[in-house]
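Residue numbers (the numbering used here), protein chains in the order written: chain A, 1 to 396; chain B, 1 to 396.
Derived by calculation from the structure, the hints in this document are not laboratory data. Check before you lean on any hint, since a few could be wrong.
Same chains, same label: a pair holds when it works inside one copy or across any pair of copies.
[Unchecked claim] Below, in silico cross-link-like pairs of lysine-lysine (DSSO-like), each with a Cα-Cα straight-line distance of 30 Å or less:
{"no.": "1", "residue 1": "Lys75", "residue 2": "Lys330"}
{"no.": "2", "residue 1": "Lys240", "residue 2": "Lys328"}
{"no.": "3", "residue 1": "Lys277", "residue 2": "Lys117"}
{"no.": "4", "residue 1": "Lys217", "residue 2": "Lys333"}
{"no.": "5", "residue 1": "Lys75", "residue 2": "Lys275"}
{"no.": "6", "residue 1": "Lys22", "residue 2": "Lys383"}
{"no.": "7", "residue 1": "Lys345", "residue 2": "Lys277"}
{"no.": "8", "residue 1": "Lys328", "residue 2": "Lys275"}
{"no.": "9", "residue 1": "Lys217", "residue 2": "Lys328"}
{"no.": "10", "residue 1": "Lys217", "residue 2": "Lys76"}
{"no.": "11", "residue 1": "Lys217", "residue 2": "Lys334"}
Number of protein chains: 2
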Amino acid sequence: MLIAQSGGPTMVINQSLIGAIKEAGRHPAIRNIYGSLHGIQGILDQDFIDLSRESDSTLEAVAVTPSSMLGSVRKKPTARDCQSMFTIMKRYDIRYFFYIGGNDSAETTLIINEEAKRSHYDFRCYHICKTIDNDLRENDHTPGFGSGARFVALAFMGDNLDNRALPGVKINIVMGRHAGFLTAASALARQYPDDGPHLIYLPERSFSMNRFVADVKRVVHQHGRCVVAVSEGIADHRGKPILPENGGRVDSHGNVQLSGTGALGDILAAEIEEKTKIQRIRADTFGYLQRSFVGIYSEVDAREAREAGRKAVQFAVNGSHHGSVAIKRKPGKKYQVTYRRVPLKNVAKETRHMPDAFIADGGNDVTPAFIRYATPLVGKLPKVGRFRNYRVPPAQ
Amino acid sequence: MLIAQSGGPTMVINQSLIGAIKEAGRHPAIRNIYGSLHGIQGILDQDFIDLSRESDSTLEAVAVTPSSMLGSVRKKPTARDCQSMFTIMKRYDIRYFFYIGGNDSAETTLIINEEAKRSHYDFRCYHICKTIDNDLRENDHTPGFGSGARFVALAFMGDNLDNRALPGVKINIVMGRHAGFLTAASALARQYPDDGPHLIYLPERSFSMNRFVADVKRVVHQHGRCVVAVSEGIADHRGKPILPENGGRVDSHGNVQLSGTGALGDILAAEIEEKTKIQRIRADTFGYLQRSFVGIYSEVDAREAREAGRKAVQFAVNGSHHGSVAIKRKPGKKYQVTYRRVPLKNVAKETRHMPDAFIADGGNDVTPAFIRYATPLVGKLPKVGRFRNYRVPPAQ
Numbered sequence: 001m002l003i004a005q006s007g008g009p010t011m012v013i014n015q016s017l018i019g020a021i022k023e024a025g026r027h028p029a030i031r032n033i034y035g036s037l038h039g040i041q042g043i044l045d046q047d048f049i050d051l052s053r054e055s056d057s058t059l060e061a062v063a064v065t066p067s068s069m070l071g072s073v074r075k076k077p078t079a080r081d082c083q084s085m086f087t088i089m090k091r092y093d094i095r096y097f098f099y100i101g102g103n104d105s106a107e108t109t110l111i112i113n114e115e116a117k118r119s120h121y122d123f124r125c126y127h128i129c130k131t132i133d134n135d136l137r138e139n140d141h142t143p144g145f146g147s148g149a150r151f152v153a154l155a156f157m158g159d160n161l162d163n164r165a166l167p168g169v170k171i172n173i174v175m176g177r178h179a180g181f182l183t184a185a186s187a188l189a190r191q192y193p194d195d196g197p198h199l200i201y202l203p204e205r206s207f208s209m210n211r212f213v214a215d216v217k218r219v220v221h222q223h224g225r226c227v228v229a230v231s232e233g234i235a236d237h238r239g240k241p242i243l244p245e246n247g248g249r250v251d252s253h254g255n256v257q258l259s260g261t262g263a264l265g266d267i268l269a270a271e272i273e274e275k276t277k278i279q280r281i282r283a284d285t286f287g288y289l290q291r292s293f294v295g296i297y298s299e300v301d302a303r304e305a306r307e308a309g310r311k312a313v314q315f316a317v318n319g320s321h322h323g324s325v326a327i328k329r330k331p332g333k334k335y336q337v338t339y340r341r342v343p344l345k346n347v348a349k350e351t352r353h354m355p356d357a358f359i360a361d362g363g364n365d366v367t368p369a370f371i372r373y374a375t376p377l378v379g380k381l382p383k384v385g386r387f388r389n390y391r392v393p394p395a396q
Numbered sequence: 001m002l003i004a005q006s007g008g009p010t011m012v013i014n015q016s017l018i019g020a021i022k023e024a025g026r027h028p029a030i031r032n033i034y035g036s037l038h039g040i041q042g043i044l045d046q047d048f049i050d051l052s053r054e055s056d057s058t059l060e061a062v063a064v065t066p067s068s069m070l071g072s073v074r075k076k077p078t079a080r081d082c083q084s085m086f087t088i089m090k091r092y093d094i095r096y097f098f099y100i101g102g103n104d105s106a107e108t109t110l111i112i113n114e115e116a117k118r119s120h121y122d123f124r125c126y127h128i129c130k131t132i133d134n135d136l137r138e139n140d141h142t143p144g145f146g147s148g149a150r151f152v153a154l155a156f157m158g159d160n161l162d163n164r165a166l167p168g169v170k171i172n173i174v175m176g177r178h179a180g181f182l183t184a185a186s187a188l189a190r191q192y193p194d195d196g197p198h199l200i201y202l203p204e205r206s207f208s209m210n211r212f213v214a215d216v217k218r219v220v221h222q223h224g225r226c227v228v229a230v231s232e233g234i235a236d237h238r239g240k241p242i243l244p245e246n247g248g249r250v251d252s253h254g255n256v257q258l259s260g261t262g263a264l265g266d267i268l269a270a271e272i273e274e275k276t277k278i279q280r281i282r283a284d285t286f287g288y289l290q291r292s293f294v295g296i297y298s299e300v301d302a303r304e305a306r307e308a309g310r311k312a313v314q315f316a317v318n319g320s321h322h323g324s325v326a327i328k329r330k331p332g333k334k335y336q337v338t339y340r341r342v343p344l345k346n347v348a349k350e351t352r353h354m355p356d357a358f359i360a361d362g363g364n365d366v367t368p369a370f371i372r373y374a375t376p377l378v379g380k381l382p383k384v385g386r387f388r389n390y391r392v393p394p395a396q
């Protein structure tokens, strides 16, 4: 068996890796457990490590460590890459392949599987879902999202308090290329009626600069301050991104670079500065902290990520030759999930968006339905203390 | 007694507030405990709350909540402001005043105290130290620093793993206007020999763009990647800030806005992009998260912040009429501190810088002496897991 990781890291992607490794150890069909370093690039380079030799304490230490421990890559294989990989994999008698990643990685897995069928290479090929963006089709939610959402919620809880202490406009840019789930998770920070974020802009709704300025002015008029959550992927009504496309820097899946720059926040802050008389306008971009912070993760998310890795191995050994592990939520009041094998093509490439039922009518907030959806995924959040503020009557 | 908070929030500034409130409750000389909202602005506006009416459970909930719960302000009082404040304070018979803040707040406390003496207003006036920048004179370190440093260390631990998974150049901008302590704390993230941050730039050393590019190229050559910690306050050999002064936006203490914009990171990333052939260059600015994140704090820092608040009340009731509470480290191997009253003028206005002994000769790293200094302040950090990476021998 060969396992690898791909795409953006998450806080719990190693849980899936360790879940798969430990499960594989129970199946006699799998004699060796190899890890490929930096995804499919490691296959092409024959850059393999022997994971069955790692001690249990190392495995468990890696499980709670964020970011892809096998290294990652953003690479879409060509038919020729696939042939090269099969040549190499045959040498090692690799008959099980697991790829932990998002929709691009599912596409990669699908391409490899299709090419393998065409070449009559007998092997089993599985995608294990992960993405903080929570935008995989077929999934109620994806491993990585709950932890990313927890980071975002904690960050907004603190930042709302900061903004309350030194009032002004604070704009925070949150990850999420096409799906607003992670930005929406900022709403979980609210504990008191006047808590921010007061405005939430998602990529599922077109962004109007004029509307944004009017929204901010209204909130500042009401609360004397305004905390704003903005998805990095917001675009205008023509679909043109608000953040200029940075010289067209794209990866091999055609994605434009959005993270790792503070430009969007600065553009929005400058707009408020120019169009209003509001003082103290600031913007922060949460950046990579929201996917790779040490020590912050959702316990539910960590558990599910581990289980997704285990299930992939079970499905591969006992079931179909290929597929993706999807998380489904059981109906009912109590939060419960099941893991299903779904066809690779159902998860590959295209992304899922926030359902309309999760987006408030004004297009600048989420609904209670989203809060109900997301709450069990992030785990219990700390309670923010607040004085009762007993006013001292004016002295004469 | 009247207490207030001023300047930038920290994760533990409310510990000092609650420490002072609870200590004040034990002294018969203090009959009422009022809080002024938004620092001295709240005095001028007679915006007071009665803190003695808050329940113990509220006090303890506020203590573990980040950011200034009484609200903050950045305002330097004029002599006229002081007279207005005395008129108001006399009406409430306020005879004890405590101001929790950094060097600017110490200056404010000094000004108020000098004006009070001049006006023969009999009252006791204390500054309680706090600042994540750790730049207060007379102090071994300041409450707030340990928690901010812990956040920075955890962030770099995760970001180093992220950069290891998807190699490239990652530049992280850390708070610290004139003092590099917080940026230096990024070094605490290192657990393995190849861990980042690989380069650390502090405001105590002049920043050369050419030198920076050469440093990054060298590290990328060695490690195939590079994580960089940069203080927001870096300036060239003429003292000109690398970050343009943002239209000269300044507060009433004359400080230029540095945080709340991603511009510095983007400038540095663009320079690497332009001058090298390195791929995948990203920049994040940690921004306000590093001072107001919910749930991350150093236990040592929280305890000391609480104690600083308590000591201020004890000094004011039993000792001199004015002063600032400073933290001194006892000599010896075991980490221990004492709290001393120091004159306000010794802490006011001017800041402390990183001692030369903490800065590596090249000016792009810290020394082991800094690590020894900072380690007890942040508390125990989680251990990062890592595979032993047993290489699979090449197959034929």
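The hints, checked one at a time:
no. : hint            : in the structure
1   : Lys75 - Lys330  : neither (35 Å within a copy, 55 Å between copies)
2   : Lys240 - Lys328 : neither (33 Å within a copy, 56 Å between copies)
3   : Lys277 - Lys117 : neither (64 Å within a copy, 39 Å between copies)
4   : Lys217 - Lys333 : neither (39 Å within a copy, 56 Å between copies)
5   : Lys75 - Lys275  : between (42 Å within a copy, 26 Å between copies)
6   : Lys22 - Lys383  : between (36 Å within a copy, 21 Å between copies)
7   : Lys345 - Lys277 : neither (51 Å within a copy, 37 Å between copies)
8   : Lys328 - Lys275 : neither (46 Å within a copy, 49 Å between copies)
9   : Lys217 - Lys328 : neither (41 Å within a copy, 47 Å between copies)
10  : Lys217 - Lys76  : between (45 Å within a copy, 28 Å between copies)
11  : Lys217 - Lys334 : neither (40 Å within a copy, 54 Å between copies)
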